[in-house]
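**Q** Here are the chains, one letter per residue:
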Amino acid sequence: MALLRREEWQGFVRDVDWTYSYVDDEAVYPEWMSGTGKVPREAWAAWEESYKISYPEYVAVQREKEASAYAVKAALQRSTAFDHLDEGWKSATKMHFGGVALVEYAAVLAELKMARFGLNGAWRNMATFGQLDEMRHAQITTFFGHEFIGKDAQYDWTQKTFHTNDWVPISLRNLFDGMMNSANVVDIAIELPLTFETGFTNLQFVALAADALAAGDVNFANMISSVQTDEARHSQQGGPTLEILVEHDPVRAQWVIDKSFWGSARAFAALTGPAMDYYTPLEHRKQSYREFMEEWIIDQFIRTIEDYGLKKPWFWDEFMRGLDVWHHGLHMGLWYWRPTLWWRPKAGVSRDEREWLAEKYPNWEQVYGDKWDVLIDNVNADNMEATLPETLPWLCSTCHLPCCNATQSRDGTWRVRDWRLDYDGRAYHFCTNGCRQIFWNDRDNVNHETLIDRFLAGQIQPMDVGGILGYMGMTPDTMGDDPDYTAWTRDYVGRPAEGLATAVQS
Amino acid sequence: MTAGLPVEDRAPELVPLNAIFATDFVQILVPVTTADTMREVAAAVARHVEGKRVRALPYPKVVIHNGARLPDGMTVAEAGIKPLDHVTVEYDIPEGS
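Order-wise, the sequence lines are chains A and B. Converting from the first sequence to my numbering requires adding 666 to each position, the first position being numbered 1. Converting from the second sequence to my numbering requires adding 22 to each position, the first position being numbered 1.
These aren't lab readings, by the way, just hints derived from the structure by calculation. It cannot be assumed that every hint is accurate.
Covered stretches of chain B (in silico footprint by chain A; criterion: 3 or more residues with CB under 8 Å from a CB of chain A, positions within the stretch not fixed) [stated by the list, open to error]:
# : stretch
1 : 57 to 66
2 : 75 to 89
With the Cβ distance kept under 10 Å, some of the chain B side facing chain A (calculated, not the full set) [what the hints assert, rightly or not]:
# : residue
3 : L51
4 : M96
5 : A99
6 : H108
Computed from a prediction, not measured in an experiment: that's the story for all the values here. Virtual Cβ for every residue (Gly too), placed ideally from N, Cα, C.
All chains should be built: construct the whole structure from the sequences, respecting the hints.
**A** Put into structure tokens, the structure is as follows:
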């Protein structure tokens, strides 16, 4: 018997569904998992993915991708390319491996939830491919990072990060648990494939692959490109879900997008921002983080939400202003609290680098230059103690990142302001108005304790810097430090320096 | 043993604060006690920042809580500063300097 052509059978099998007779539909697709809300159950029958694929095709394509990615890796393993990479780039990859490997695994769980509780057969089918994709991403990211442990113990955090209580994974767990693990499948499809993947990572991975090539890291470019091709396919689960939700419940659609865009933008500011504007060697920078966000993320996001008849999020002005502030403050925080990191953060504030920063961010010198100058003068005075932390930064009760976002007053000065909320008998502090608003709307779903909460509750013992580092899983062999103090301080050697900590204490 | 007394008469109690020093870039955790004066609170906050990230200036410091400048000799208990409250510590720079 001749095989049917693809177009003769795919329309029939891609969305197999049937009416249940032994059980209620609600028993199979309970609201708390499937989350149809105000959308009538039958409306989901219209769900249709734009790019269709069959299982044999999927397997054939993925097999080729895997073979190719691992072949390139095997070939490069014999070269000395890794040994010649700049530490700034290596640290960007350490941050990526640790910050991403197990998020990919969390995404397996999210895709599996959609594969089981999605409200249309085609959606469940797509999610089945999606979970296979995410399993591949968790594996390839873990495996590629693992290779370097012998050369640099910090790569051990590829697998270790999410098993620790370091403040960075606490922040990321908070974001991704909300986006992937605790949400119902309708919200997952909008938060993960649509906002985070289509909006952020899909395009960022294209840029990251280009950055890797510029830095001479062909192996990383190879890995990230391989991952990105999957993102482009499975991220399309968001569109059809949003289309149906917008028609029946536009308020919920807007809220879910707004919240996940904000959370994604905060995480990007912490990780992608410093990597692009500080860790990447000056000669390899193609654009600033702000330019990248404007060109790759914002334009596309606005087009997408307008196509679906939605509005810009309520926080838009605050978010746009934050593009000049958030990641610079977070970079300084990451650097100052560098013993809490599993990478080596470059300060990146030599004279040439500062000229570049001031050109890209006209307020940079006014807001950050004075603080870096004091740090530089302390390094040059060999007063390293003054450059190391003795307490915790205050961590935001929504994004769990340090409260370090200066805003400008009417008189032109820049100050970090307190965004406070009193709720249920206690005070909470936030890094921004956006984080405060999201906490308030989601207050009954907030379960994560910030590191500050844990510290004050006595969960971290002894209650000192050593105790905190131990609680975070930090060990002396992997603890972060600046890779080259001279690189960014030598331009300023010999200049007069007053008002340093040593002078104050003497 | 002192729990029933007014807060200013009790043994000093820990008051963790959310604090920011002048033009610093980040809020920090600073533990003080109910018996600390504003002078001591200002010093406790400044210790983490002054001369480390913000250049030290030769001026006295003032604690601001809920928008009010608090007198140097006032204690945390007298000022009604509670655990997890926010305080700002600023240089008290004379006008025209």
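**Q** Under the criterion of a CB-CB separation shorter than 10 Å, is B/A99 in contact with chain A as hinted?
**A** Violated, because the Cβ-Cβ distance from B/A99 to chain A comes to roughly 17 Å (cut-off 10 Å).
**Q** Cut-off 8 Å, C-beta pairs, minimum 3 residues; does the coverage of the stretch 57 to 66 of chain B by chain A stand?
**A** Our answer is that it is violated, as 0 residues pass the Cβ test (under 8 Å) against chain A, missing three.
**Q** For the stretch 75 to 89 of chain B, count the residues whose Cβ lies under 8 Å from any Cβ of chain A; is that count three or more?
**A** Coverage by chain A holds here, the residue count being 5 at a Cβ distance below 8 Å.
**Q** Was the hint right that B/L51 lines chain A, CB cutoff 10 Å?
**A** Given a least distance of 5 Å, the restraint on B/L51 holds.
**Q** May I ask you to test the interface hint for B/M96 with respect to chain A, counting a Cβ-Cβ separation under 10 Å as satisfied?
**A** violated (20 Å)
**Q** Holds or violated: is there a CB of chain A closer than 10 Å to the CB of B/H108?
**A** holds (4 Å)
Hints 1, 4 and 5 from the earlier list are contradicted by this structure; the remaining hints agree with it.
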